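Top to bottom, those sequences are chains A and B.
Position 111 of the first sequence, counting from 1, maps to 111 under the numbering used here, and the rest follow consecutively.
Position 40 of the second sequence, counting from 1, maps to 40 under the numbering used here, and the rest follow consecutively.
Just to be clear, a hint being listed does not mean it is correct.
[As the list claims (entries may be wrong)] List time: in silico DSS-like cross-link candidates among lysine-lysine, alpha-carbon distance up to 30 angstroms:
1) B:Lys-105 with A:Lys-41
2) B:Lys-56 with A:Lys-55
3) B:Lys-56 with B:Lys-105
[Said to hold, decoys possible] Derived Cβ-Cβ restraints for the label pairs, each shown as a range:
4) A:Ser-18 with B:Ser-68: 46 to 54 angstroms
5) A:Thr-80 with B:Arg-41: 18 to 26 angstroms
6) B:Ser-51 with A:Cys-13: 28 to 36 angstroms
7) A:Gln-42 with B:Asn-52: 26 to 34 angstroms
8) B:Ala-78 with A:Ser-73: 41 to 49 angstroms
9) A:Ser-9 with B:Lys-56: 27 to 35 angstroms
10) B:Thr-27 with A:Lys-41: 22 to 30 angstroms
11) A:Ser-54 with B:Ser-51: 42 to 50 angstroms
12) B:Glu-15 with A:Gly-16: 46 to 54 angstroms
13) B:Ser-110 with A:Gln-42: 15 to 23 angstroms
14) B:Gly-16 with A:Glu-59: 39 to 47 angstroms
15) B:Asn-52 with A:Ser-18: 42 to 50 angstroms
Please keep in mind that the hints were generated in silico from the structure rather than gathered at the bench.
Small disclaimer: the values here were computed from a predicted structure and weren't measured.
No residue lacks a Cβ here, since even glycine has one placed at the ideal position from N, Cα and C.
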Amino acid sequence: GAVVSQHPSWVICKSGTSVKIECRSLDFQATTMFWYRQFPKQSLMLMATSNEGSKATYEQGVEKDKFLINHASLTLSTLTVTSAHPEDSSFYICSAGGLAGGGEQYFGPGTRLTVT
Amino acid sequence: SQQGEEDPQALSIQEGENATMNCSYKTSINNLQWYRQNSGRGLVHLILIRSNEREKHSGRLRVTLDTSKKSSSLLITASRAADTASYFCATEHYGGSQGNLIFGKGTKLSVKP
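The task is simple: from the sequences and hints, build the whole structure.
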């Protein structure tokens, strides 16, 4: 089946630093990947759609200069949280579309970011 | 933006009982999907039902879709303690980008052994 990995699984960083999170599709190519953020006991909120070879599409209210997305290849998308603040502490999850375009999403295991 | 709404927010049952979770949405959809999330983990896709389908089964899971009421239900039969997790519905909207999902707030299911 389709497997999506994320790295790191958890990270603690100091306020003002930047953190990069990787999302990889391990056994299929993903022209589109999605980045979500989930606060404790809340639902997933789509942050941006990452398109291979082009600029990401950000949802309203998400700062593109703060959350840098790079989709350099068909198997890798990265999310960089720049100048992190404690309020950026969250669970970040990526996903990739179904193999046959059937609509289902395959999700990574998530990355727990804590900004101190 | 539209967001699915699940109810109940939390559900606690005994092992062996059935669990029913409901999801409502607001605008036309291409499909509706149910996902499961164990605490602090990523999401696992359970089942997808298209807008022209009314019912779908997968093992102990049964999903219904009523597009006239803009609602869906997820039934887990003969629940097990291992079913304890949060369950989310997600909708792919008609006219939206493929794969762009809107998630509901989730139902936290607790199955007691």
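Cross-check of the supplied hints:
Taking the CA atoms of B:Lys-105 and A:Lys-41, the gap is about 9 angstroms. The hint holds against a cut of 30 angstroms. Taking the CA atoms of B:Lys-56 and A:Lys-55, the gap is about 37 angstroms. The hint is violated against a cut of 30 angstroms. With a C-alpha separation of about 22 angstroms, the suggested pairing of B:Lys-56 with B:Lys-105 holds against the 30 angstroms cut-off. One distance hint, 46 to 54 angstroms for the beta-carbon pair A:Ser-18 and B:Ser-68, holds here, with the actual separation near 49 angstroms.
The hint said 18 to 26 angstroms for the Cβ distance between A:Thr-80 and B:Arg-41, and at roughly 23 angstroms that hint holds. B:Ser-51 and A:Cys-13 have their C-beta atoms about 43 angstroms apart, which leaves the hinted 28 to 36 angstroms range violated. At about 31 angstroms, the beta-carbon gap between A:Gln-42 and B:Asn-52 stays in the expected band of 26 to 34 angstroms. Under the hint 41 to 49 angstroms, the C-beta atoms of B:Ala-78 and A:Ser-73, about 44 angstroms apart, fit the expected range.
For the pair A:Ser-9 and B:Lys-56, the beta carbons lie near 32 angstroms from each other, so the given range of 27 to 35 angstroms is met. Take B:Thr-27 and A:Lys-41: their Cβ atoms lie about 26 angstroms apart, and the range 22 to 30 angstroms holds. Checking the proposed 42 to 50 angstroms range against A:Ser-54 and B:Ser-51 shows it is violated: the Cβ atoms sit about 29 angstroms from each other. Separation of B:Glu-15 from A:Gly-16 is about 49 angstroms and conforms to the stated range, judged on CB atoms against 46 to 54 angstroms.
Between B:Ser-110 and A:Gln-42 the Cβ separation comes to about 18 angstroms, which falls inside the hinted range of 15 to 23 angstroms. Here the CB-CB span from B:Gly-16 to A:Glu-59 is close to 42 angstroms, well matched to the stated 39 to 47 angstroms. At roughly 46 angstroms, the beta-carbon separation of B:Asn-52 and A:Ser-18 lies within the given 42 to 50 angstroms, and the hint holds.
In this structure, the hints that do not hold are numbers 2, 6, 11, in rising order.
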